[in-house]
Amino acid sequence: MLHLPHGSLALPAFLPDATRGVVRAVDSADLEAVNVAGLVMSIFHLMQHPGATTVKALGGLHAMAGWQRPIVTDSGGFQAYSLIRQNSRFGSLTDRGLVFRPEGKDKLLLTPEKSIQLQLSLGADVAICLDDCTHPADDEATQRESVRRTIAWARRCKSAFVQWGKQRMDGQSAGSSGHAARLFAVIQGGASRALRRECAEALLEIGFDGFGYGGWPVDERGELLSEIVAYTRELVPRALPMHALGIGHPDSVVACARMGYDLFDCSLPTRDARRGRLMIFNEPPSQTHFTGSWWSYLYIGDDKHIKSVAPISEYCDCPACQRYSRGYLHHLFKVKDAAYLRLATLHNLRFMSQLMARLRQLLSNA
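Sequence positions in the sequence shown follow the numbering used here and run 1 to 366.
Heads up, some of the hints might be wrong.
List time: in silico DSS-like cross-link candidates among lysine-lysine, alpha-carbon distance up to 25 Å [unchecked claim]: (1) K114 / K56; (2) K304 / K334; (3) K56 / K158; (4) K107 / K56; (5) K307 / K336; (6) K56 / K105; (7) K334 / K307; (8) K114 / K158; (9) K56 / K166; (10) K336 / K304; (11) K166 / K114.
Think of the hints as simulated: they come from the structure by calculation, not from any bench.
Take these sequences, add in the hints, and give me the full structure.
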């Protein structure tokens, strides 16, 4: 269990990406109905729209979104990779922090201190240190610079976190559960074991409540980088929770959970749902041992579903499966009705919550 201001997370747990404060096409009541335990939101996007002052005016992330379960906020480090490292016209990385130049907008400076202050002031249950994210194919010099900068930024994030705690000694930083917010650091180093170890050892010496696997976790074929992902988990004591950042493919989640990873987040299940790729168990989820073809995709746009009266999955209790046929969902998908987006999203998220429940059961008995 991970005890946080807005409740406890049973581990391992999958947290859908609510990047801009919402999981697209569904609301918080919908998420609760399919047993979603927590969310991940992006401080980089929320600081731009609706803006930090607006989020605060609306009562913070939880009140704004009508969500009273845990929220993990990312630092903006991934945007450094996805934007700046891919195209320098979007900004630059310096030891001071990240400089973003969004098209048609004012320049943004995100320092380690500002990232932590924003995450905590908006009500994050878990704040993540600003890091310098890389791709495993980047050269050694780039990876080494990333590790150096990530460690330096983590030290500054920890100082900002401690200072925030001192300023909130009146107890306001703890939610109704009485537990305080946590700070996670991110382990970088690309595909280099030596750099991963160097980064992990330095971060462990600074001291954090948990850690994340940093960097792109798959190769050019989309395959999980199993060896380096497993090795990175081995560098951190099992008593400390570890977040497999950006990992959400069912097979990868199972593999990483067996390695000892505790938290997962990814936009894949919800994005797949919107595009007509629905995840289904090929056997009862309460009985699966995740071997062989235990799951598959159902493509709701296929013509074979036009007149099907079957539910998406006989093993699912989501609103779509309890009330509607494949034929009706096929129709909604083809006419691009918003109802399809909601129902499909809830189905894939229920698949993930069933998956995590079974993993918790198996791992607790191992």
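So, going through the hints one by one against the coordinates:
For the proposed pair K114 and K56, the alpha carbon gap of about 15 Å is at most 25 Å, so the pair holds. Restraint check: the Cα-Cα separation between K304 and K334 comes to about 13 Å, which is no more than 25 Å; the hinted pair holds. Proximity of K56 to K158 is assessed by CA-CA distance (about 23 Å); at most 25 Å being required, the pair is judged to hold. Restraint check: the Cα-Cα separation between K107 and K56 comes to about 22 Å, which is no more than 25 Å; the hinted pair holds.
Of the supplied pair hints, the one linking K307 and K336 holds, its CA atoms being roughly 18 Å apart against a limit of 25 Å. For a cut-off of 25 Å, the pair hint linking K56 to K105 stands: about 22 Å separates their Cα positions. For the proposed pair K334 and K307, the alpha carbon gap of about 13 Å is at most 25 Å, so the pair holds. Between K114 and K158, the direct Cα distance comes to roughly 12 Å. Compliance with the 25 Å bound is thereby established for this hinted pair.
This hinted pair checks out: K56 and K166 have alpha carbons roughly 20 Å apart, not beyond 25 Å. For the hint linking K336 to K304, the alpha-carbon distance of about 18 Å falls within 25 Å, and the restraint holds. Between K166 and K114 the CA atoms are separated by roughly 17 Å; this keeps the pair inside 25 Å, and the hint holds.
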